[in-house]
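Asks: Dock chains R and G against chain L, hints included.
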Amino acid sequence: MAASSSVSRPGTTGEERQARVTARDLAAALARDWVVLLAVVFLVVLVAAAVLAHLLMPYDPLLPNIFAGRRPPFSETRGLDGGVQLHLLGTDALGRDMLTRLVYGARASLSVGVVAVAVSAVIGTTLGLFAGFLGGRVDTVVMRTVDAFQAVPSLLVALFVLFIIGGGLVNMVVIFALVRWVVYARLARGITLSYRESSYVEAARSIGATDLRIIFRHILPNMFSPLLVLATLEVALLILAEAGLSFLGFGLKPPEPSWGLMIARGREYLREAWWMITFPGLAVFLTTLSLNLFANWLRTITDPVQRWRWLI
Amino acid sequence: MIGHGLGGYFVRRLLGSAIMLLLVMSAVFFADRQIGDPARMVLGVAATEEDVRELRERMGLEDPLWVQYRRFVLGMVQGDLGDTFRYGISKPFAHGGMPESRKTLPIAAERLPATFVLGGVTIVFAILVALPLGIYAAMRPRTAGDRTVNVLSLAGVSIVEYWFALILILVFAVQLDWLPTSGYGTPAHVILPALALSLRPIGRITQIARSSMLDELAKPHITAARGRGVPITRIASIHALKNAAIPIVTTIGDETVNVVTGVIIIETVFGWPGIGALTVDALAIRDVPLIEATIFLLVLIVLGINLVIDLAYMALNPRVRLR
Amino acid sequence: MAGRNSRHALRAAVLGVLALAAGPAYALGGGGELVIVANQEPQSMQAQVTYKEVNGVGLRNVIEQLTRLDPRTNEVKPMLATRWEQVEPRVWHFELRDGVTFHDGTPFDAEAAAVSINWLWNPENNYSVREMMGPQITAEAVDAATVAVITAEPDPLLPRRIYLGGVTSAKQILEDPASHDVHPIGTGPYVFEEWKQGQYWTATANPDWWGNTAEDPYGEIFFDRLRIVWRPEPIVRAAMVESGEAQVAMFLTKEECGRFDAKDGIKCIVKGSDTFLQFRLDYHGAAPLLADPRFRKAIFTSIDWEGIRLNLMGLGEALQGQMLPSVATGFHDGIRQYPYDPAGARAIVDELKAGGADIPSVHVSTRLGSTPRNGEMVEAMGAMLTSVGIPNTVAVEEPGVFNPRAVSKPTPERAYAWLHVQANPLMDYGATFGAHFSCGGIVSVFCDPDFDARVAEAASMTGKERHEALRALVKEGHDRYVVAPVGLLQRAYGVPEGFAWEFGPDHRIVAVNMRMN
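Protein chains in written order, with my numbering: chain L, 1 to 312; chain R, 313 to 635; chain G, 636 to 1152.
Okay, chain L solo, but in the shape it has when bound:
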């Protein structure tokens, strides 16, 4: 997790001073909050499973076995190779193992979220940082663009653009990155502004630090925690967005197993084969809930005003 982050800690002593929250502090705080601990464990397991899907899962996520479709959890079927297959979470309409598809689906859904967030965070943070640091015309141009983007709901934009250029993994990541960078830009600019005039940046400047050095040594580190919180929330948001767009037919394309697509497909079978929508629905729910819980906790723990209540 976050190895360390540098924030000011007011209220503990009379004067403001730099303090470091160590990984040990975080772990201790985490251990005391079992709900968040569970969420973190879930996320770690999920990411590991998604990365190692091809090693963990014995079955093919794409190969249909149409004579073994819609089997309930704990069913056994005869696979195409003649062997007996056990389906802990049942099979989908094409006879593919639900658990296998869920784990491979984690790959698609998480990569939509994580890649889009990574790209948009880099773009947004860079622009916001420069806007805040340089000010003047750069600031005006960037912030006007941000205002323009924020005036239109990003999901509506994503829906329309995907309608024009078609769905699919790559298009979706590109669109999400293009519409969501503004939230990072806004945050990065705000933080930059608040630190640009701070006494210790002034001090650094007075001893001859370059702009780049000030950015990398003094401003970026302070941005880390709030950005991590925001990015975590954004991953959750995008996973949900993927599900919504799949409902409308503009999400990932079959046969790609993604949670959104599985839920969208499974809704026709809600009455007869509840497991086909319930498990991917739960996967999305638990993942976004865990991300939200974690982000919430992270925010509290790194927020100078609230942290003392939790950390000490």
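What the hints contain is simulated information worked out from the structure, not anything from laboratory work. Treat each hint with caution, since some may be false.
As the list claims (entries may be wrong) - Not close to chain R: a few residues of chain G, all C-beta gaps over 10 Å, as computed: (1) 667; (2) 749; (3) 785; (4) 865; (5) 867; (6) 868; (7) 922; (8) 926; (9) 969; (10) 1035.
Said to hold, decoys possible - Covered by chain G, according to a simulated footprint, are these stretches of chain R (three or more residues, beta-carbon under 8 Å): (11) 479 to 486; (12) 574 to 583.
All values derive from a computational prediction rather than experimental measurement. The C-beta atom is built at its ideal place from N, Cα and C for all residues, glycine as well.
Replies: Quick look at chains R and G alone, frame taken from chain L:
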């Protein structure tokens, strides 16, 4: 330049919104030219190449792009975004012009009241549930009650709305037979779609209400009031809530905007005759002028919400006016 | 309840007075309101949309045709025309029913019928019904009660084909053509009331319907009002019948159908239709391999058609390797469904590769919502093609993407297959070939002038001769690996227990053939 004070600010904001709308619609206009020949889409099955070319001429698609764009912008200023494709192009077109029933903007605007009802009920319901929950949690931080509210509100923002909507229908309409499955008309019809849409705003507003109340309750003057023995509920309602209002109002605004997007799916599920369902219909048949009209209105609503939020800021915090 | 009864009494009294004043009138059915939940909103209320029930569900209650198909025998029977005759090879005379009026009060006579027919098939209107037209159709009045329908080429199927064309008020067409799009004025047992876009359309029972007094009506008014609503989500449609909000829910899946039968108070009505699900593959194009019969054979034998029909399609009857069932003119009993032979298909692909051929990627697409589970079906097909080494992409496309491609001639650069439903109420291969196999057909898979010539020859024949000629062509088409019929669609409806409904393979939702016991 244009004016000072509140009136001037208002005029500037309106002007900004108009420019925004023009920018968005221009982007939509040029994007829509990328999705194939509308004339071919309209004529479909049995049309020959000559038919298509003739229709293209009638629709003005043979003109240079800038002429088409100018026509589009001029039409938009006059509230005319073209004619729908849904009836096909038949003789009336050849008879010169289309009857009013084909104009897309009136068709789309007709759907607004239904969406306003659904969105309004959703947001009001969300506020009524979320504010007490958030305040309740903030007044007893780190208790079991607080943690429950916290997890529940986060659960609300984590659910796939249409999955929840289908479950609501099965439980309340089919199993219990308390409410109609879907449709429009009576107050009972709005309950399930509003419930499905409200989970997310409830979760978000609760979160913000809780954290901003928490911040306020930790401030010295509140602690002092507590010390003087003022009952905690009065502190909460009067002192703290007033100061916590700005972030809460911001969140309500953001969530209202999200509801405007959320109606696209929820209206489709419930057969709710709002602009969201119309958008899905228009996208499905690639009715380009109708798509443009629905996006126009959706963006207009969002700009309107943002304007209202800004005005609410000013009412809450007079310093904003000096900006 | 009291209010309702007194309203009924009042209406009965009013009708009684009218009966005295204006001759015989009909006491309405008393069955209350019939609510039908369709899968989509109609795009218009034009007379032409009645040619396909799914385009304008229930519209045939308002708009009638010259002829109809008998629900039991599928034979052509009188509707607005009582008799017809082929007076010349290209000219048919239809004798019209006496005493019929449109809902706007104008009389239905030969002039009105001619205006309506000419409007419907007019090339300038370009209505999609023209895909079923065959040779160009025009009409003119012969005398007050006889209309002549003229076809550009002889068309022995005309009385059956004319059943596709809805007849609406000539006054409306001439004076207010724009309202024709949204306000249907027909002669049917129900009078259109209003279309609330996005919500429903309604109609009320027509006390002046000719069928109330005729000797050969095709049904009896039971329901007083008709309300058509639409819900795209199948779960919601089914729920509306379960909760009593609707009486007919369209297009249940096989499993839903079973659940409806098992539950008290509701049931499922399921029946074979005239609509088949087909897979067709472009024949000509830049990828020369697509015209190679060996490659086409590899594609057609790599897919487990029967497995797909049984497990995914669910509600589908087997078709014997051809598009139409055994009752159709031109049916060939000697051919079978394409066999599932992945090993053989793979061998062909390997052989082609060894010969230096570049295997093109095939795009298999289907239209969103055209039939239950079509997304699953194309996904299965894609996986099956992949497993024999044929690269492919699959997609469920919204109508706006799918339709233009499905209704335009294959362009040379595309390697494209579609899975789509196709109705053939005519039950005759002549019409099918015209659309799918001839050079002139807008959706034609291939162009072979020699084949065309023989289709044209067969199309002008009748009886056994026609059957034999078409039969030979069916075999030839089969051997070219052009179209694989997946199955004849069975459509299933959720209804309350005690609901009786008589309908034919065309699955027309006609309220006078429904009642609640």
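Asks: Hint by hint, note whether the structure agrees.
Replies: Hints versus structure:
1. 667: holds (18 Å)
2. 749: holds (16 Å)
3. 785: The assertion about residue 785 (chain G) holds, with a minimum of 19 Å to chain R.
4. 865: Residue 865 (chain G) is in fact no farther than 10 Å from some Cβ atom of chain R, at 7 Å.
5. 867: violated (6 Å)
6. 868: violated (5 Å)
7. 922: holds (22 Å)
8. 926: Correct as stated: the minimum Cβ-Cβ distance to chain R is 24 Å, above 10 Å.
9. 969: holds (33 Å)
10. 1035: violated (3 Å)
11. 479 to 486: Answer holds; 4 residues pass the 8 Å Cβ test.
12. 574 to 583: holds (count 4)
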